[in-house]
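Enquirer: Chains A and B, in that order, give the protein sequences. In terms of our numbering, the first sequence has 238 at position 177, counting the first letter as 1, and numbering is strictly consecutive. In terms of our numbering, the second sequence has 317 at position 286, counting the first letter as 1, and numbering is strictly consecutive.
Calculated directly from the structure, the hints in this document are not laboratory data. Check before you lean on any hint, since a few could be wrong.
Only pairs whose alpha carbons sit at most 20 Å apart, straight line, appear in this in silico EDC-like list of lysine to aspartate or glutamate [what the hints assert, rightly or not]:
(1) 146/A to 233/B
(2) 97/A to 233/B
(3) 236/B to 71/A
(4) 319/B to 308/B
(5) 146/A to 218/B
(6) 236/B to 70/A
(7) 93/A to 233/B
(8) 236/B to 150/A
(9) 93/A to 245/B
(10) 77/A to 308/B
(11) 146/A to 225/B
(12) 97/A to 245/B
(13) 146/A to 231/B
(14) 146/A to 227/B
Here's the letter readout for the chains.
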Amino acid sequence: MTAKDLSKDEFFYGHKACAGCGGSLAVRNALKVIGKNAFAVLPAGCMSAVGFNFPQLCFANNAIISTFAGTASMLTGIEAGLRAKGATDFTAVGFAGDGGTADIGIQALSGAIDRNDNILYICYDNEAYMNTGIQKSGLTPFGAKTTTTPSGKNIHGNIRPKKNMFEIVSAHDIAYSATASIGYMEDFLNKVKKACEIRGTKYIHVIAPCPTGWGIPVSNTVEIAREIVDCGLWYLAEYENGEFTLNHDPKEFTGVVEYLKKQSRFRHLTDDDIQIIIQSRDAKWEKIRRDWRR
Amino acid sequence: MAKKFLSGDEAFAEGVKLARPQVISAYPITPQTIVVERLSEMVENGSLKSEFIHVESEHSALSCAIGASAVGARAFTATSSQGLLYMAECLPYASGGRFPIVMMNANRSTALPWNIYGDQRDSISQLDSGWIQAYAENAQEGLDFALMSYYIAEHKDVSTPFMVNLDGFVLTHTYETVDIPTQELADKFLPPYETDNRLDIENPKNMAFSAGPEHNFIFKYKEHQALLNAKKIITEAEKRFADIFGRKYTGLLETYRTEDSDYILITLGSIAGLCREIADNLRAKGKKTGVVRLRYLRPFPTEELVTAVKNAKAVGVLEKDISFGNEGTVFTNVNSALFQAKTVIPSYNFIGGLGGKNISHEDIENIFDLIENGAERVNFIGIEGGD
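Whole structure, please, built from the sequences with the hints as guidance.
Expert: Following this line, the structure appears as structure tokens:
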């Protein structure tokens with residue numbers, strides 16, 4: 062699938078997402094791939110806050126807000142209910158943010174994968190609780206300044222690395238999981254398409270920058286989403302049939318310092334902090350290149 | 032009909048089976064477990080065609096049932112105590128979305144201290160969650176509630192979830208002879224679930240949305256009206272039930288010898304049988320005593336209660352519940368109903384059975400004596416020397 066093949070149909074419009082919102086781009090384009098028979102579940106979070114304000118409801122397909130913790134469990138109920146009523150041609154798809162996925166929703170997600178429910182779960186990761194005003198989540202990266210991990214003399218922002226959701230999910234021996242970035246849109250959309258054709262639980266973790274929370278110009282969302290992959294702080298990969306595959310292996314990484322310094326959430330980092338980030342990146346890539354198919 | 036010797040949980044499972052739920056999602060907790068074990072067996076042996084979802088928590092149990100109901104499927108779940116509290120976020124979610132899910136709750140004490148035995152603080156703490164709340168007295172009524180609850184909950188004028196409560200162990204684990212209706216008659220009683228309040232491939236909808244200050248209140252008002260509408264539909268359901276199965280129920284409450292009673296004990300759940308027996312014994316000694324059993328706490332039988340007790344000299348409310356720092360919540364509701372009707376009768380609260388503590392014959396005799404001769408406003412049964 063290429064940009065040319067992308068449907069002209071729109072399923073998510075008229076919402077009030079911020080300018081440059083990466084999450085809304087992920088949802089909008091994923092729905093173009095999934096099509097009109099999508100039953101979308103969105104928990105409390107940015108996309109439900111901007112898209113479901115009665116009477117201005119912004120999904121052309123069936124869509125429903127779940128409880129914050131309940132994205133996966135509601136997807137399960139929708140899938141089971143539709144199947145019990147004899148429907149066959151539909152996709153139950155969840156769009157949850159990083160907090161809704163890696164923190165409060167991880168238990169229900171784990172349960173759904175354990176049962177191998179036939180659902181597609183897409184985590185749009187903007188690396189903090191952006192809807193409530195940029196608080197730290199389990200997917201906030203090391204060093205990032207948020208409103209609950211302020212940077213000061215004593216502590217330089219978030220002191221812990223991102224939870225590794227891709228491998229946590231894969232460790233369930235899930236039917237299919239993948240990482241993606243809206244900076245590599247075709248890769249993301251092809252993974253959505255592939256996931257729609259697989260039975261069982263599918264998980265796609267897509268980096269979706271938030272200009273407000275990251276401190277970047279609203280016109281740079283896609284560019285920064287590309288750069289996070291190019292500098293090696295994110296990677297494009299898949300898990301299927303018990304094996305990890307790296308989809309994109311940069312010969313040379315672009316600069317981590319340049320990536321970080323473009324964003325006000327990282328501007329306070331010292332050289333030592335940045336060295337920790339680079340070392341952690343290199344250690345991860347050593348393992349990826351050693352253990353994963355390429 | 033077939034007669035079987037069943038526990039309350041087993042009888043309830045038989046009732047659920049007759050209602051043909053399309054999705055069952057549940058997480059085990061004592062003393063609810065037997066219901067979901069039996070339902071799992073029915074699904075396994077093919078006697079019940081339903082999707083049984085082994086969720087990883089009660090929050091997911093109800094969230095999953097909401098998802099199923101949101102596509103128009105008939106959904107069932109069951110829980111108790113800590114489980115009910117763990118899923119508490121989903122309770123007003125289900126009622127606010129007007130999803131007519133049926134849930135059995137095995138009434139059980141809530142921690143701390145840990146305790147698996149029956150009191151009603153779990154469900155009564157959720158009285159304001161927007162669910163219909165009914166309390167069974169015996170296994171037969173439990174089974175019949177399982178069937179009737181779907182009719183009432185799914186009625187288009189109600190469209191509200193329904194919680195049926197069975198006293199933990201006293202009902203859930205005690206065996207009685209129960210009449211099990213035939214599937215043919217059950218199908219005649221309960222039509223398949225049809226609703227417009229669902230996501231639909233042919234007619235896509237956005238559901239469970241946000242509504243700001245301008246619109247929110249009207250949704251809440253309609254939710255309240257739906258619960259009040261349930262009063263009429265409960266009557267309709269019971270008439271239909273009696274016509275088809277020959278068993279009669281008496282609506283929001285059941286009265287026993289209240290017509291000429293001077294002293295009336297108002298209670299709910301399985302303890303009502305013992306209360307009636309003591310009322311009979313006292314009548315044999317010349318006292319005019321009667322009993323009101325509340326079958327529903329929501330909608331609350333405001334008018335029916337006043338009619339039943341308005342000529343009494345005094346009333347008592349016996350409940351396995353307390354709102355700490357105040358009084359029993361059932362007592363508060365009873366007094367509110369009496370006060371609204373300008374019915375001024377001395378009323379006393381008797382709190383008993385917390386954490387499964389036995390309420391004896393003597394306790395109830397003593398309660399009637401206190402109702403007649405005056406007592407504290409709030410009285411605690413069976414904790415003398417508790418210090």
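Enquirer: Run every hint past the structure and note whether it holds.
Expert: Against the structure, the hints:
With a C-alpha separation of about 14 Å, the suggested pairing of residue 146/A with residue 233/B holds against the 20 Å cut-off. Taking the CA atoms of residue 97/A and residue 233/B, the gap is near 10 Å; set against the 20 Å cutoff, the hint holds. Straight-line distance between C-alpha atoms of residue 236/B and residue 71/A comes to about 15 Å, which keeps the hinted pair within the 20 Å bound. The suggested pairing of residue 319/B with residue 308/B holds, with an alpha-carbon distance near 13 Å, which does not exceed 20 Å.
Taking the CA atoms of residue 146/A and residue 218/B, the gap is about 17 Å. The hint holds against a cut of 20 Å. Note on residue 236/B and residue 70/A: the hinted pairing holds, with a Cα-Cα distance of about 17 Å set against a maximum of 20 Å. With a C-alpha separation of about 18 Å, the suggested pairing of residue 93/A with residue 233/B holds against the 20 Å cut-off. Of the supplied pair hints, the one linking residue 236/B and residue 150/A holds, its CA atoms being roughly 17 Å apart against a limit of 20 Å.
With a C-alpha separation of about 33 Å, the suggested pair residue 93/A and residue 245/B falls outside the 20 Å cut-off, and the hint is violated. At most 20 Å may separate the alpha-carbon atoms for a hinted pair to count; residue 77/A and residue 308/B exceed this at roughly 65 Å. Using a Cα cut-off of 20 Å, the hinted pair residue 146/A and residue 225/B holds, with the two alpha carbons roughly 11 Å apart. Under the criterion of a C-alpha separation no larger than 20 Å, the hint pairing residue 97/A with residue 245/B is inconsistent with the structure, at around 31 Å.
Between the alpha carbons of residue 146/A and residue 231/B the distance comes to roughly 11 Å, so the proposed pair stays at or under 20 Å and holds. Proximity of residue 146/A to residue 227/B is assessed by CA-CA distance (about 15 Å); at most 20 Å being required, the pair is judged to hold.
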